[in-house]
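One line per chain: the protein sequences are A, B and D, in this order. Residue numbering for the first sequence follows UniProt numbering, starting at 1 and increasing by one per position. Residue numbering for the second sequence follows UniProt numbering, starting at 1 and increasing by one per position. Residue numbering for the third sequence follows UniProt numbering, starting at 1 and increasing by one per position.
No wet-lab data here; the hints were simulated from the structure. Remember, predicted model here, so these are calculated numbers, not experimental data. Please note that the accuracy of each hint is not assured.
Result set (DSSO-like, lysine-lysine): computed pairs, CA atoms no more than 30 Å apart in a straight line [stated by the list, open to error]:
1. Lys423/D / Lys57/B
2. Lys436/D / Lys57/B
3. Lys76/D / Lys431/D
4. Lys222/A / Lys76/D
5. Lys436/D / Lys222/A
6. Lys311/D / Lys325/D
7. Lys140/B / Lys334/D
Stretch-level coverage of chain A by chain B, calculated; a stretch enters the list once three of its residues show a Cβ under 8 Å from a Cβ in chain B [as the list claims (entries may be wrong)]:
8. 35-49
9. 245-253
Ideal Cβ placement from N, Cα and C applies to all residues, glycine included.
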Amino acid sequence: MARSVSTNRKLVTTFFAWVVGLAIFFPILWTILTSFKTEAQAIADPPIFFNFHWTLENYVTVQERSNYFRHFWNSVVLSGGSTLLGLIIAIPAAWSMAFVPSRRTKDILMWMLSTKMLPPVGVLVPMYLIFRNLGLLDTQIGLVIVLTLINLPIIVWMLYTYFKEIPGEILEAARMDGATLRSEILYVLTPMAIPGIASTVLLNIILAWNEAFWTLNLTAAKAAPLTAFIASYSSPEGLFYAKLSAASTMAIAPILIMGWFSQKQLVRGLTFGAVK
Amino acid sequence: MATKHSRASARIMISPAVILLLGWMLIPLSMTLYFSFLRYNLLMPGMEEFTGLTNYKYFLTDPAFFAALTNTILLVCGVLLVTVIGGVFLALLLDQPFFGQGIVRILVIAPFFVMPTVSALVWKNMFMNPVNGLFAHLFKFFGLEPFDFLAQAPLASIIGIVSWQWLPFATLILLTAFQSLDQEQLEASEMDGAPWIKRFWFIMLPHLSRAITVVILIQTIFLLSVFAEILVTTNGGPGTASTNLTYLIYMQSLLQFDVGGGSAGGVVAIILANIVAIFLMRMIGKNLDA
Amino acid sequence: MNTTFRTLMGACALAALSAGAFAETITVATVNNGDMIRMQGLMDDFYAKHPDIEVEWVTLEENVLRQRVTQDVATKGGQFDVMTIGTYEVPIWGERGWLVSLNDLPDSYDIDDILPAIRDGLTVDDELYAAPFYGESSMVMYRTDLMEKAGLTMPEAPTWDFIKEAAAAMTDKEGEVYGICLRGKAGWGENMAFLTAMSNSFGAKWFDMDWKPQFDSEEWKTTLNFYLDLMNNYGPPGASGNGFNENLSLFQTGKCGMWIDATVAASFVTNPNDSSVADSVGFALAPDNGLGKRGNWLWAWNLGIPAGTQKVDAAKAFVEWATSKEYTALVASKEGWANVPPGTRQSLYMNEEYQKVPFAKMTLESILSADPQHPTVDEVPYVGVQFVAIPEFQGLGTAVGQQFSAALAGQMSAEQALDNAQKLTEREMMKAGYIK
Chain A
1 MARSVSTNRK
11 LVTTFFAWVV
21 GLAIFFPILW
31 TILTSFKTEA
41 QAIADPPIFF
51 NFHWTLENYV
61 TVQERSNYFR
71 HFWNSVVLSG
81 GSTLLGLIIA
91 IPAAWSMAFV
101 PSRRTKDILM
111 WMLSTKMLPP
121 VGVLVPMYLI
131 FRNLGLLDTQ
141 IGLVIVLTLI
151 NLPIIVWMLY
161 TYFKEIPGEI
171 LEAARMDGAT
181 LRSEILYVLT
191 PMAIPGIAST
201 VLLNIILAWN
211 EAFWTLNLTA
221 AKAAPLTAFI
231 ASYSSPEGLF
241 YAKLSAASTM
251 AIAPILIMGW
261 FSQKQLVRGL
271 TFGAVK
Chain B
1 MATKHSRASA
11 RIMISPAVIL
21 LLGWMLIPLS
31 MTLYFSFLRY
41 NLLMPGMEEF
51 TGLTNYKYFL
61 TDPAFFAALT
71 NTILLVCGVL
81 LVTVIGGVFL
91 ALLLDQPFFG
101 QGIVRILVIA
111 PFFVMPTVSA
121 LVWKNMFMNP
131 VNGLFAHLFK
141 FFGLEPFDFL
151 AQAPLASIIG
161 IVSWQWLPFA
171 TLILLTAFQS
181 LDQEQLEASE
191 MDGAPWIKRF
201 WFIMLPHLSR
211 AITVVILIQT
221 IFLLSVFAEI
231 LVTTNGGPGT
241 ASTNLTYLIY
251 MQSLLQFDVG
261 GGSAGGVVAI
271 ILANIVAIFL
281 MRMIGKNLDA
Chain D
1 MNTTFRTLMG
11 ACALAALSAG
21 AFAETITVAT
31 VNNGDMIRMQ
41 GLMDDFYAKH
51 PDIEVEWVTL
61 EENVLRQRVT
71 QDVATKGGQF
81 DVMTIGTYEV
91 PIWGERGWLV
101 SLNDLPDSYD
111 IDDILPAIRD
121 GLTVDDELYA
131 APFYGESSMV
141 MYRTDLMEKA
151 GLTMPEAPTW
161 DFIKEAAAAM
171 TDKEGEVYGI
181 CLRGKAGWGE
191 NMAFLTAMSN
201 SFGAKWFDMD
211 WKPQFDSEEW
221 KTTLNFYLDL
231 MNNYGPPGAS
241 GNGFNENLSL
251 FQTGKCGMWI
261 DATVAASFVT
271 NPNDSSVADS
281 VGFALAPDNG
291 LGKRGNWLWA
301 WNLGIPAGTQ
311 KVDAAKAFVE
321 WATSKEYTAL
331 VASKEGWANV
341 PPGTRQSLYM
351 NEEYQKVPFA
361 KMTLESILSA
371 DPQHPTVDEV
381 PYVGVQFVAI
391 PEFQGLGTAV
401 GQQFSAALAG
411 QMSAEQALDN
421 AQKLTEREMM
431 KAGYIK
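Input sequences plus hints: build the corresponding full structure.
Set out below in structure tokens:
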């Protein structure tokens, strides 16, 4: 890996990389900055970058208007719950695909992925009727089920590609030693696959956290996560850039922070078998 | 290695996932199929009647349908093009040694964590707004007339927003692929005096092909049903300039409450999505054979 | 261990009791308009009067709200106990029995005090199906300072020609002042509300007596061309994406010379906290063309109770509180008379304090001059000023609105847009069985 690179070249690369990185990050940075401005400063021309009067007023206004913590908590429960449930269903499935492949394994995998291509808007009314009849509207459990199902194909696929890299002989050996299937998966496979599972968990939490169609349409007040919280800011109300920025920052901050802290784990398994 | 015993247990182990997904697919699908043959408007209960293929006829002859089809294809292909090309260059850049690699990587992946609704709201209001947006300020600074992105180039603007969200994903996967590149081979060709472009074309790119396929597959799945970004920014307009299939069905079934028509649209979209799926799977199947 | 357990149980039971064993939670769906947001800040008054009721808010943007509540009420989903709905929905829903009748509100509520123009729109077969939270018409709001600078005087009842003249005189594109701001964002409640009302004053109509669409008429051509001409020459950039809220922002930041829109905007543009032009705003009736109809609409946001709810009494208590005279007084005492929800009660306009509010008179006059029963110059088979009160209108209005919005964005000519509008309206009306 050790490449000798001239300091000059490294400096040039550093410059370009930072410029590109900051450009990509800029919209988020700008949103965060604007959330601390007053409404008038938020639309000032020329734009003000740092030398404004920092205020928390917008956050107070937003919190007065909607119960942020309940939405936040719902987001945590929904993304956490659906990820957990997804893993419980997907680990056995991925195990059998990876270690006992048959001719149809690949077809099943591809079919699973294809279920994700169905446009949700097309089936909203039927789903709404089913949910009403089952009493699942505006419940956390109902949404956990939906989010699990829409992300299940991705979980299965990620785990499958990761499991495949694990030599089957090790599992074989464990079986020789008399391990049952359950303990084989639980005590041999899972610990070995921790990096892959961690990465799957992280990706799934991100996807579930940001899912905005079902979470908005199947909830009202009790189970509504942050996607519903932001929906009440999606049209302007007079001067509103600063308030919008505050609400946006509140909606993305938790997942952004989680993502940053765990980016190493996330990246490690985010290969979908693309890298041999 | 697979014994009969393990085959049986494998089948049991995979079945919960298969059964659940089958149910998730079939139950709403069969209801949608059934509704698509009905004259069924939510606002007119008790008037449901069988109408045969009328809903399909109206949906397929809707002038907006063709526009929506084209827009869907343009949107998917546009975003794929931007993210794959952009992703390759970004990955190439981030793979070089430089100061602050960790921080830059954090900056680059950040958009992936942002909710589609939030990103659409932020781009629409704080950047693309022709009066108070940052781009308008920038244009005026250079003495130019502010460009009204969402009215003059609605689809391109949406492609831009969606690409911003997916660029980090493509970059990450491609970066991992770059890092697994055989350095010795690369150095050997450098010694041989092969120009950079040749090394890139004949060594790096083939190595990336699997990663690129994965990026295309996963993104297509999500891009076919882009919805929030359109709803927030342009509402499919002006006219039908940024209406994709998902949005067209949304208009039918949830703005007009024409469940019958919307369902027919849903069925059409499902068929089209499956055609795309088959193509993709073929492509992936060839490239991903382990 | 045993005692601990018992203490614990007791504590739990106590907690359950004190946390309101009898408290009932109602879910209220509402739109993110200023007046509703303000109400959410005044809930302490409601809780003081009704300690046994807990209110959960679901605040949504207008289009999303409409989709969510309609879907819920039509499928009897039962997710909401009180819904914020418009004048368009109430008669259609009431007729289908989807709403709880409010005729039995107590005498102290004084139903007869509600402006007849508004009340009629919410009544089906003598049953009041929703209580108006605020009512509005549309009028011209203009910058008195810019008008003066242009050397013009706004008459109380301007004509469209005057509006055009004034728009031309006030426009200063270098200084980012645009003579006129109008709605351009596609939607039956957005640009079509404005354009349909405007077309009435030009003698145009949606349908003739046989429900045949009329977009191929000369009157519509004049209307649309006049609108496009105004907006292209004197309107702000990006007008095809501007709805009520976007224009409000523009006006408040001093970018518009005139703005023809909802009367409720008056209190926002004259509020110095939000508006940089608060002290130089004048009002006039919506313009006309000398044909006997003005280009103003009639609308109210109302609170209705879906028929499926289990909590009718609690919901009624809330509706009564939110639309009562006392609520108006409460807002007046906290935020001043200019900020009370306007346009619903006669008593408000009799109130001397309220008469001092600069836009009070013009709002009332605008509301009274709208006639939903006879909206157009010629006779038509439908009611509704800026909408056609048939279930198909939401879809139709939005689809036509898209065409007009595209024309405003310069993607097609006025003729093309009208031609498309005519074709698609014919299609939908045929599909719905109005015409063969």
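Hints, verified against the model:
Restraint check for Lys423/D and Lys57/B: the C-alpha separation of about 16 Å stays at or below 30 Å, so the hint holds. Distance restraint check for Lys436/D and Lys57/B: the Cα-Cα separation of roughly 16 Å lies within the 30 Å cut-off, and the hinted pair is therefore satisfied. As the CA atoms of Lys76/D and Lys431/D are separated by approximately 26 Å, the hinted pair is consistent with the 30 Å bound. As the CA atoms of Lys222/A and Lys76/D are separated by approximately 18 Å, the hinted pair is consistent with the 30 Å bound.
Restraint check for Lys436/D and Lys222/A: the C-alpha separation of about 47 Å exceeds 30 Å, so the hint is violated. A threshold of 30 Å between alpha carbons decides the hint, and for Lys311/D with Lys325/D the separation of about 24 Å falls inside it, so the pair holds. Between the alpha carbons of Lys140/B and Lys334/D the distance comes to roughly 42 Å, so the proposed pair goes past 30 Å and is violated. Counting residues of the region 35-49 of chain A whose beta carbon lies closer than 8 Å to any beta carbon of chain B gives 4, which meets the minimum of three for the stated coverage.
Counting residues of the region 245-253 of chain A whose CB lies closer than 8 Å to any CB of chain B gives 4, so the stated coverage by that chain holds, three being the minimum.
In the structure shown, a violation is registered for the earlier hints numbered 5 and 7, in ascending order.
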